[in-house]
Amino acid sequence: MSSTAVTPPPKKTNRIGLETQVYRGSKTTLCAGCGHNAISERIIDAFYEMGVDPRRVAKLSGIGCSSKSPAYFLGSSHGFNAVHGRMPSVATGALLANRDLLGIGVSGDGDTGAIGIGQFVHLMRRNLPLIYIIEDNGCYGLTKGQFSPTADVGSKLKNGVVNDLPPIDTCALAIELGATFVARSFSGDKKQLLAILKAAIGHRGTCMIDVLSPCVTFNDHEGSTKSYAYAKDHDEPLGSFNFVPFFEDISVEYEPGTTVEVTLHDGSRLLLHKVDGGFDPTSKMDALRVLHESAARGEFATGVLYVEPNKPDFVTVLNVVDEPLASLPLEKLRPPKAALDEIMASLT
Amino acid sequence: MATDLQVAPHAEVPASQRIINDFSIQVATVNGSGSQTANLVLLRSIFQMGVPVSGKNLFPSNIAGLPTWYTIRASRHGYIARKKEIDFLVAMNPETAREDVLALEPGRAVVYDEPLKLNALRDDLVFYPVPFDKLVVEVTRDAKLRRLVRNMIYDGVLARLLNIDLQEMERALGKQLARKAKALVLNKGALELGFKHTDEHLEKRDPFYLEPMNETGGMVLIEGNAAAALGCMMAGVTMVAWYPITPSSSLCETLIDYLRKYRMDKETGKATFAVIQAEDEIAALGMVLGAGWAGARAMTSTSGPGISLMAEFSGLAYYAEIPAVIFDIQRVGPSTGLPTRTAQGDVAFCAALSHGDTKHLLMLPATVEECYTMAMDAFDLAERFQTPVFVLSDLDLGMNNWMARPFSYPDRPIDRGKVLTEETLARIGEWGRYKDVDGDGIPYRTLPGQWGPGFFTRGSGHNAKAQYTERPDDYTRNMDRLARKFETARGHVPKPVVDMRDGAAIGIIAYGSSHVAVEESRDQLAAEANVQTSYLRLRAFPFTPELGTFIDRHDRVYVVEQNRDAQMVMLMRQELSAARIAKLRSVLHYNGLPVDARSVTDGILVQEGLKGEAQPETPRENVVSMVGGE
Chain E
1 MSSTAVTPPP
11 KKTNRIGLET
21 QVYRGSKTTL
31 CAGCGHNAIS
41 ERIIDAFYEM
51 GVDPRRVAKL
61 SGIGCSSKSP
71 AYFLGSSHGF
81 NAVHGRMPSV
91 ATGALLANRD
101 LLGIGVSGDG
111 DTGAIGIGQF
121 VHLMRRNLPL
131 IYIIEDNGCY
141 GLTKGQFSPT
151 ADVGSKLKNG
161 VVNDLPPIDT
171 CALAIELGAT
181 FVARSFSGDK
191 KQLLAILKAA
201 IGHRGTCMID
211 VLSPCVTFND
221 HEGSTKSYAY
231 AKDHDEPLGS
241 FNFVPFFEDI
251 SVEYEPGTTV
261 EVTLHDGSRL
271 LLHKVDGGFD
281 PTSKMDALRV
291 LHESAARGEF
301 ATGVLYVEPN
311 KPDFVTVLNV
321 VDEPLASLPL
331 EKLRPPKAAL
341 DEIMASLT
Chain Z
1 MATDLQVAPH
11 AEVPASQRII
21 NDFSIQVATV
31 NGSGSQTANL
41 VLLRSIFQMG
51 VPVSGKNLFP
61 SNIAGLPTWY
71 TIRASRHGYI
81 ARKKEIDFLV
91 AMNPETARED
101 VLALEPGRAV
111 VYDEPLKLNA
121 LRDDLVFYPV
131 PFDKLVVEVT
141 RDAKLRRLVR
151 NMIYDGVLAR
161 LLNIDLQEME
171 RALGKQLARK
181 AKALVLNKGA
191 LELGFKHTDE
201 HLEKRDPFYL
211 EPMNETGGMV
221 LIEGNAAAAL
231 GCMMAGVTMV
241 AWYPITPSSS
251 LCETLIDYLR
261 KYRMDKETGK
271 ATFAVIQAED
281 EIAALGMVLG
291 AGWAGARAMT
301 STSGPGISLM
311 AEFSGLAYYA
321 EIPAVIFDIQ
331 RVGPSTGLPT
341 RTAQGDVAFC
351 AALSHGDTKH
361 LLMLPATVEE
371 CYTMAMDAFD
381 LAERFQTPVF
391 VLSDLDLGMN
401 NWMARPFSYP
411 DRPIDRGKVL
421 TEETLARIGE
431 WGRYKDVDGD
441 GIPYRTLPGQ
451 WGPGFFTRGS
461 GHNAKAQYTE
471 RPDDYTRNMD
481 RLARKFETAR
491 GHVPKPVVDM
501 RDGAAIGIIA
511 YGSSHVAVEE
521 SRDQLAAEAN
531 VQTSYLRLRA
541 FPFTPELGTF
551 IDRHDRVYVV
561 EQNRDAQMVM
571 LMRQELSAAR
581 IAKLRSVLHY
591 NGLPVDARSV
601 TDGILVQEGL
611 KGEAQPETPR
621 ENVVSMVGGE
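Taken in sequence, the protein lines are chains E and Z.
Under my numbering, the first residue of the first sequence is numbered 1, with each subsequent residue one higher.
Under my numbering, the first residue of the second sequence is numbered 1, with each subsequent residue one higher.
No wet-lab data here; the hints were simulated from the structure.
Even for Gly, the Cβ is constructed at its ideal location relative to N, Cα and C.
Do not rely on the hints blindly, as some may be mistaken.
[As the list claims (entries may be wrong)] Chain E side only, calculated, beta carbon under 8 Å to chain Z, not exhaustive:
1. 79
2. 80
3. 90
4. 157
5. 161
6. 309
7. 310
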């Protein structure tokens with residue numbers, strides 16, 4: 001055997017000096033080929049590439065296949081697997097308690113669209129600074145394939161039961177309700193999903209990202225609009241786009257009039273190249289029109305559908321102190337004796 | 001106006017037959033008519049006279065137009081529980097006036113709105129007709145305002161009839177309407193007019209009189225919900241999430257007022273707290289758990305229906321070990337029940353709220369002081385034991401005004417419980433989120449975004465390292481540790497207050513707002529039947545060893561509760577020996593009204609064989625319990 005000493009190649013690190021390994025989680029227990037695993041990979045890539053310190057990330061989820069996935073990325077971050085459909089409230093409390101946390105919530109189409117639709121609605125209204133991902137496969141995987149509220153009209157279960165009800169478009173709903181970053185992507189589109197996630201990290205406000213994520217076990221059959229085959233054929237990107245992180249000083253030049261540039265909260269830039277010349281991602285009306293038109297054609301418009309970069313987030317609206325509430329010292333929390341005396345005197 | 005008077009031939013009741021500082025006044029009005037100001041002024045002026053007093057608002061679940069009764073009890077003995085019998089009625093509500101008058105015992109007095117002609121109903125009462133509509137015209141020309149100041153006239157009438165110093169009443173009015181100069185002038189006018197009218201046209205013929213005492217000096221009048229809010233602020237609450245519900249809303253609303261006044265950062269003008277009115281009670285508790293998990297001192301306040309909705313999250317908090325403070329201002333259930341009436345009906349439900357084997361810590365405040373101190377205790381216990389703590393108040397305690405000594409400023413720092421530090425980690429070597437390092441069942445936690453390793457919090461099965469597991473031994477080990485933690489808590493919750501009487505064969509156990517009725521009942525039992533009793537007042541669950549000792553020292557132990565199913569006894573059955581359980585008997589009061597001493601006394605005397613079956617509810621109370629819409 002050779003005994004020649006070999007100097008190992010320097011390990012690749014991100015801008016805060018961490019290796020990609022730090023951003024990984026435990027081994028997935030989801031099915032092989034599940035779209036959710038691909039999304040976890042993109043989350044790992046996005047947080048690594050953006051150089052986010054995992055110790056300031058809070059991962060949150062509800063219940064279901066999707067909601068198991070936060071265990072499979074950012075293993076050194078704190079995570080909270082809440083109860084079914086109620087992750088938004090837990091996230092709200094956590095992110096108010098410590099405004100320095102970067103929150104990422106993972107939900108599913110059932111967890112969001114059925115049991116959790118109430119909390120989803122109010123989360124969107126509040127514009128809590130949270131990346132909210134729906135891993136959307138149109139069915140309940142963990143309980144063996146029942147319809148979810150995003151299932152296609154006419155889709156059929158193995159026992160022959162047909163879904164008669166129209167799906168909820170979570171993106172249209174989020175735009176209507178006040179989310180300030182709304183996107184749709186496909187778990188198989190590595191490049192687009194990664195760019196969207198990185199942009200979401202740069203935004204401060206609610207980022208609602210619906211990711212079509214085929215269920216290989218229960219909903220990947222022919223005729224399902226949530227199958228790999230269908231999604232690949234009917235994905236209608238709103239145009240290619242670039243994301244320029246605030247720490248990369250790249251100047252990008254485009255033909256005037258073909259690009260919309262949006263500066264995000266952290267200084268990063270989102271550059272969207274228009275396809276049809278009419279779509280403006282800062283217009284709610286444009287976004288809703290595109291969603292309805294593409295749905296009518298049986299297609300999914302993907303990309304960043306809507307951005308409102310300057311609307312104050314919920315923590316700002318509540319005028320909370322700059323220091324995390326969770327670490328305020330007692331002298332800031334307990335008013336002096338004079339305050340109690342004053343109150344008591346008013347009650348005599 | 002002489003024809004208005006139902007003048008009896010005799011004059012004032014001779015001094016020897018007068019009843020001084022020991023009677024009840026009931027004002028029957030229509031809700032939404034502004035009677036609350038008049039009632040509070042009446043309460044406050046008696047309080048200012050130094051006479052022990054309590055006020056209870058019996059109101060319907062309605063905005064305006066349904067009957068409301070406000071009952072004031074003056075008691076020179078210091079009894080502040082509800083008194084069953086009404087001695088002095090002010091009948092302002094045409095709808096209930098007839099029944100209100102018919103329910104009175106002979107010899108009682110009635111002030112009434114003259115056109116109601118109530119004097120025709122009975123000849124064994126003293127009637128005082130007052131032409132309110134005619135009088136109010138003299139106060140203001142504005143018809144809208146007349147409606148609001150009309151009720152203040154009866155305060156003036158009562159001041160004259162009951163011998164309340166008019167200046168004292170005007171001072172109380174000034175306090176009540178401190179920031180409303182115009183309203184103050186109008187109401188003062190109404191007050192004086194009522195007084196003057198009575199002086200000139202009515203002759204005092206009933207035996208009820210107030211005389212100044214010196215029993216309330218330096219005391220305050222406060223509602224239990226306001227006291228609890230104050231306790232939360234002093235405990236350093238940083239996150240409040242709530243959903244409106246009677247009778248709990250005023251707790252968070254008062255807390256918001258206090259926080260906005262006393263908890264804005266001086267340098268930045270920013271809030272050292274976050275308050276959210278959530279979309280429902282489920283979300284409210286979810287927010288509290290998220291905040292508690294991240295290291296905030298978080299609380300919510302609700303009532304029975306909200307507690308029902310909070311069941312799933314409560315189980316998560318117990319199992320994933322997240323601090324939370326939950327106030328339950330109990331009202332009458334089941335279901336919507338009687339939303340504006342009082343009960344102690346959530347005891348058993350809260351103790352084991354959620355599916356699976358779940359146990360929770362309960363605080364049982366009986367007084368406004370304890371609403372204040374136990375709010376602070378609850379935050380400390382929640383963080384010390386990393387678990388939800390339920391504070392079980394009720395409508396009677398929470399929404400009515402009670403006398404109290406001014407509250408003391410907290411004399412100890414807050415307890416943030418076991419949060420892992422570098423020093424602790426060096427000492428214990430290896431950390432696991434659910435590892436019992438100290439043998440007390442309480443593990444160390446780390447907070448997201450702060451120093452220390454991360455972990456994955458979940459409501460699914462987990463081992464000592466917070467990893468997912470379905471292994472039978474992991475599950476059992478964790479559940480046993482949780483039980484051990486609960487045992488540790490037994491040594492830290494507020495202990496009962498015990499008054500042991502030598503030689504007493506009978507013990508009484510009570511908790512919460514039943515306390516004041518039991519205190520009075522013990523005096524009745526001694527005075528009327530020569531029955532001496534010991535008394536143990538429970539202040540928390542789990543029970544402490546004092547409970548068993550108390551039962552052992554007595555032959556029979558009566559447990560007084562404001563629910564149908566003897567819920568506290570249910571909990572005792574889980575923990576006590578058969579010999580101790582055999583000694584327990586129940587006295588139960590559950591008609592929606594605060595329990596009164598007479599009901600407790602009769603309940604015990606009947607079971608002791610010293611009295612026949614208790615009297616059925618008076619017709620008056622049956623009427624009351626039927627009233628109320630959504």
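Is the shortest C-beta separation between residue 79 of chain E and chain Z less than 8 Å?
-> 4 Å, holds
Taking 8 Å as the limit, does the beta-carbon of residue 80 of chain E come near enough to a beta-carbon in chain Z?
-> Since the shortest Cβ distance to chain Z is 5 Å, the answer is holds.
Does residue 309 of chain E meet its interface restraint, that is, does its C-beta lie within less than 8 Å of any C-beta in chain Z?
-> 23 Å, violated
Close enough to count: is the Cβ of residue 90 of chain E nearer than 8 Å to one in chain Z?
-> Interface hint status for residue 90 of chain E: holds (4 Å vs cutoff 8 Å).
Let me know if the C-beta of residue 310 of chain E comes in closer than 8 Å to any C-beta of chain Z, holds or violated.
-> This hint is violated: residue 310 of chain E lies away from chain Z, its Cβ roughly 20 Å from the closest one there, beyond 8 Å.
Taking 8 Å as the limit, does the beta-carbon of residue 161 of chain E come near enough to a beta-carbon in chain Z?
-> With a minimum Cβ separation of about 28 Å from chain Z (threshold 8 Å), the hint on residue 161 of chain E is violated.
Can residue 157 of chain E be said to touch chain Z, with a Cβ gap under 8 Å?
-> Check failed: Cβ of residue 157 of chain E comes no nearer than 26 Å to chain Z, outside 8 Å.
In terms of the numbered hints stated before, the structure departs from hints 4, 5, 6, 7, listed from lowest to highest.
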